[in-house]
Amino acid sequence: MDLGLGGSNSSPPRPKWRKVAYGGMQPGYNDNHTDETFLEGMVMNASVVKRDMLKVMLDSVSISEYLCIVALVVLVWTYTLSSSLDENSLLLIDLSLLVSGFLILLFTQEMLSLTLLLHYALNISFFITGLYVLAPIYQTLTRSISSDSIWAVTVSLLILHLFLHDYSESTVKAPGVLKNPALTSCISVNASVVASVFIASRLPSRLHVFAIMLFSLQVFLFAPLVTYCIKKYSFCLHLCFSISLMVLTLSFVYTLHRFLFVLLLSLLVFVNLVCPYWLIRIQEYKFEINGPWDEAKLCFDITD
Amino acid sequence: MGNDDPGGKHRILMVSDFFYPNFGGVENHIYYLSQCLLNLGHKVVVATHAYGNRSGVRYMTGGLKVYYVPWRPFVMQNTFPTLYGLLPIIRTILIRERITVVHGHQAFSTFCHESLMHARTMGYKVVFTDHSLYGFADIGSIHMNKVLQFTLADVTQAICVSHTSKENTVLRSGLPPEKVFVIPNAVDTSMFTPAVDRPRTLEEIVIVVISRLVYRKGVDLLVEVIPEVCQLHPNVRFIVGGDGAKRVRLEEMREKHSLQDRVEMLGAVPHAQVRSVLISGHIFLNSSLTEAFCIAILEAASCGLLTVSTRVGGVPEVLPDDMVVLAEPDPSDMVYAIQKAIYMLPKIDPQDMHNRMRELYDWNDVAKRTEIVYDRALKCSNQNLLERLSRYLVCGAWAGKLFCLVMIVGYLFWQLLELWQPADDIEEVLDFTLPHNHEDEILENAQ
Numbered sequence: 349m350d351l352g353l354g355g356s357n358s359s360p361p362r363p364k365w366r367k368v369a370y371g372g373m374q375p376g377y378n379d380n381h382t383d384e385t386f387l388e389g390m391v392m393n394a395s396v397v398k399r400d401m402l403k404v405m406l407d408s409v410s411i412s413e414y415l416c417i418v419a420l421v422v423l424v425w426t427y428t429l430s431s432s433l434d435e436n437s438l439l440l441i442d443l444s445l446l447v448s449g450f451l452i453l454l455f456t457q458e459m460l461s462l463t464l465l466l467h468y469a470l471n472i473s474f475f476i477t478g479l480y481v482l483a484p485i486y487q488t489l490t491r492s493i494s495s496d497s498i499w500a501v502t503v504s505l506l507i508l509h510l511f512l513h514d515y516s517e518s519t520v521k522a523p524g525v526l527k528n529p530a531l532t533s534c535i536s537v538n539a540s541v542v543a544s545v546f547i548a549s550r551l552p553s554r555l556h557v558f559a560i561m562l563f564s565l566q567v568f569l570f571a572p573l574v575t576y577c578i579k580k581y582s583f584c585l586h587l588c589f590s591i592s593l594m595v596l597t598l599s600f601v602y603t604l605h606r607f608l609f610v611l612l613l614s615l616l617v618f619v620n621l622v623c624p625y626w627l628i629r630i631q632e633y634k635f636e637i638n639g640p641w642d643e644a645k646l647c648f649d650i651t652d
Numbered sequence: 022m023g024n025d026d027p028g029g030k031h032r033i034l035m036v037s038d039f040f041y042p043n044f045g046g047v048e049n050h051i052y053y054l055s056q057c058l059l060n061l062g063h064k065v066v067v068a069t070h071a072y073g074n075r076s077g078v079r080y081m082t083g084g085l086k087v088y089y090v091p092w093r094p095f096v097m098q099n100t101f102p103t104l105y106g107l108l109p110i111i112r113t114i115l116i117r118e119r120i121t122v123v124h125g126h127q128a129f130s131t132f133c134h135e136s137l138m139h140a141r142t143m144g145y146k147v148v149f150t151d152h153s154l155y156g157f158a159d160i161g162s163i164h165m166n167k168v169l170q171f172t173l174a175d176v177t178q179a180i181c182v183s184h185t186s187k188e189n190t191v192l193r194s195g196l197p198p199e200k201v202f203v204i205p206n207a208v209d210t211s212m213f214t215p216a217v218d219r220p221r222t223l224e225e226i227v228i229v230v231i232s233r234l235v236y237r238k239g240v241d242l243l244v245e246v247i248p249e250v251c252q253l254h255p256n257v258r259f260i261v262g263g264d265g266a267k268r269v270r271l272e273e274m275r276e277k278h279s280l281q282d283r284v285e286m287l288g289a290v291p292h293a294q295v296r297s298v299l300i301s302g303h304i305f306l307n308s309s310l311t312e313a314f315c316i317a318i319l320e321a322a323s324c325g326l327l328t329v330s331t332r333v334g335g336v337p338e339v340l341p342d343d344m345v346v347l348a349e350p351d352p353s354d355m356v357y358a359i360q361k362a363i364y365m366l367p368k369i370d371p372q373d374m375h376n377r378m379r380e381l382y383d384w385n386d387v388a389k390r391t392e393i394v395y396d397r398a399l400k401c402s403n404q405n406l407l408e409r410l411s412r413y414l415v416c417g418a419w420a421g422k423l424f425c426l427v428m429i430v431g432y433l434f435w436q437l438l439e440l441w442q443p444a445d446d447i448e449e450v451l452d453f454t455l456p457h458n459h460e461d462e463i464l465e466n467a468q
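Just so you know, the protein sequences line up as chains A and B, in that order.
Take the position in the first sequence, starting the count at 1, then add 348; the result is the number in the working numbering.
Take the position in the second sequence, starting the count at 1, then add 21; the result is the number in the working numbering.
If you're looking for bench data, these hints aren't it; they were derived computationally from the structure.
Hints should not be assumed to be uniformly reliable.
Only some residues are given here: those of chain B computed to face chain A with a beta carbon under 7 Å [as the list claims (entries may be wrong)]: (1) G156; (2) D159; (3) I160; (4) H184; (5) T185; (6) L196; (7) P198; (8) V203; (9) V333; (10) D351; (11) S353; (12) N385; (13) D386; (14) R390.
If you want the ones that stay clear, here's a sample from chain A, every Cβ over 12 Å from chain B, calculated [what the hints assert, rightly or not]: (15) T426; (16) Y427; (17) V541; (18) R606; (19) N620.
For each residue, glycine too, the CB sits at the ideal point set by N, CA and C.
Looking at chain A on its own, in the form it has when it is part of the complex (with noise of 0.2 Å):
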């Protein structure tokens, strides 16, 4: 085969391999033959960004924040089951809840035009008398079930909720941000609406339901959006707010039951200390190999 074509193959003793596939078997040289550039352009963990613990930590803080908050959330709701909450205290909890979320909200955003505020206003007010309007048929629900299974059906589902929940950002997005968000974080949300209706559905009155409701939707729908932006305007202020949560739902658990205390306090320390301490233990054994046969990512977003 003819191999007379561009290069300095002509020298007479054996001509330098090149890797190229045309021009038949390259003389002197088998088709197994291996050179030393074999593997020349592989790439090994180019793209491993180095942990540092310290920061892992203090990321995974925000994970425990709202670990704590869906535990405040069923505190609140064991209090109420067992009538130790009446329902005019829940919605004095609402009402501030929703003032402190408000307020909270238009500090961090500075955004404070009039407009916004009526939006705001108006959509509350819908979404309110939705809800007191269908307290009466979330009251009788499920009252052909019994309240085992409900608790069991609402335990799992919260475990679901927590499962798939997006912790870096919030599912419900301030307004005027395009992203949607992902199926996973809908269905937590979802799932977590659900839980909320199912509690709700054992209550005794219709305040009860109206009130118990609207508390859960509030923390569910937009205690991540607070969060959220808590965490942007200030990460210190975040941490604050993260650890005086923390303490704050340790001590109420601790006043209901000794075995939940122990049981969260190791669950925090696992995410804050443990998976830290193992993500960073496992980053030595990430093997990832590059090289020219991957396939080309496009430098360009495909906007279909």
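Given chain A, work out where chain B should sit, using these hints.
This is chain B only, laid out in the frame that chain A set:
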């Protein structure tokens, strides 16, 4: 190594899910390789799964015998993986045809993997050709690589179509590099000749794209590149052949930039008409995001077109630097490369290019080089089951044991078949040779 002893004619079984009437690079490769091996005096039999009502034994040009095993494709022309379902029929074919070497093609063909496994169980020498590239990151690739590792753990020799593909295969399967040969594809230059009757004018430059219009072929790059090139060069026209999920994107682009008169969409082009599309153009544009070896580029170059391609996978190895303009898979770089190609165009002589392609690529050469691999494979020592099991065991903590179990069960199944239907009871077929003039006709241009 090149010339084998006169008695050393092989009896080869090609196995793959992909064969005619399906069409693609692998099908083409098996067909041409088989034809040229037949020409060299070897016996070649192809086994594939049934296509529609095409089931049973068929003969193709040059007496190429094809077994369409009555086994329905399950997804993407692949048979359903059953591990042992194919053993009886593959065993019968191997014994009937007195096969010496089994040659499997394509990493994602389940038919090929199963057949190779059974052939190894029965002690045949096995060669495997890998036609594609895989990454190491996504779940599909990780799974694929494990299956490949299983098949290649015990393969006698392996062939890759480009050096990049060899690097990839060695990494994925852990084979020693000296067992992996690089034998590229080729092109039937007699089928892809430049237009001789038509005078070539450069007043209007036609850029041809022929590929499946899917993500992996870089259609999204085309969507960015085509309007820009049309804007920069008012005398450029595009012809896009092919169909696929991303065709809509191209059509949208055409509407959006009102390029209906400058971008012609042909839809799927049958392989027989590829040449007539190619010769209507001056530049061939390939925008693949990954490619082990691009036959389309060879066909275009053989028709005398200057190629502009993305620099991915094995593409840089395919053509000498003066026959192709390479660009990074990035719209601006591709536009630049197309402009460079347009300036190079007056210096390109299609007939000269075609003649060079005839020197560079030849299926007969591919067949001769493959023959060497078969010779090597036959020289390898036979191994008993225990020795082979130890190779599987090192494939992974869990996978290794699983692979061993699969092989042991396969071995027992084979022994059972030997009792149930002894090899002596299977009738061997008679060999017959066709008069040679027929084959010479097909390949006379390639010689």
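Hint-by-hint comparison with the structure:
Residue-level restraint check for G156(B) holds (minimum Cβ-Cβ distance to chain A is 5 Å; threshold 7 Å). Evaluation of the D159(B) hint against chain A yields a violated restraint, the C-beta minimum of about 9 Å exceeding 7 Å. Because the closest C-beta pair between I160(B) and chain A is about 14 Å apart, greater than 7 Å, the hint is violated. Interface hint status for H184(B): upheld, as the beta-carbon distance to the closest one in chain A is roughly 5 Å, under 7 Å.
For T185(B), the interface hint holds, since its Cβ comes within 7 Å of a Cβ in chain A; the closest pair sits about 5 Å apart. Interface hint at L196(B): violated, since its Cβ lies 11 Å from the closest Cβ of chain A, which is beyond the 7 Å cut-off. Checking P198(B) against chain A by beta carbon gives a least distance of about 4 Å; that is within 7 Å, so the hint holds. A hinted interface residue such as V203(B) counts as satisfied when its beta carbon comes closer than 7 Å to some beta carbon of chain A; here the least separation is about 5 Å, so the hint holds.
Satisfaction of the interface hint for V333(B) is found here, the shortest Cβ-Cβ separation to chain A being roughly 5 Å, below the 7 Å cut-off. Satisfaction of the interface hint for D351(B) is found here, the shortest Cβ-Cβ separation to chain A being roughly 5 Å, below the 7 Å cut-off. The criterion of a C-beta within 7 Å of any C-beta in chain A is not met by S353(B), whose closest approach is roughly 9 Å, and the hint is violated. A cut of 7 Å between beta carbons decides the hint on N385(B): the least distance to chain A is about 10 Å, and the hint is violated.
A distance limit of 7 Å between C-beta atoms decides the matter here; for D386(B) the minimum to chain A is near 5 Å, and the interface restraint holds. Taking 7 Å as the C-beta contact cut-off toward chain A, the hint placing R390(B) at the interface holds, the least distance being around 6 Å. Against the 12 Å criterion, T426(A) stays outside the reach of chain B, whose nearest CB is about 41 Å from its own CB. Look at Y427(A): its CB is around 45 Å from the nearest CB on chain B, clear of 12 Å, so calling it non-interface holds up.
A cut-off of 12 Å between C-beta atoms confirms that V541(A) is not in contact with chain B; the least separation is 31 Å. Consistency note on R606(A): stated as away from chain B, and its beta-carbon is indeed over 12 Å from all of that chain's, at 42 Å minimum. The beta carbon of N620(A) is kept farther than 12 Å from every beta carbon of chain B, the shortest such distance being approximately 30 Å.
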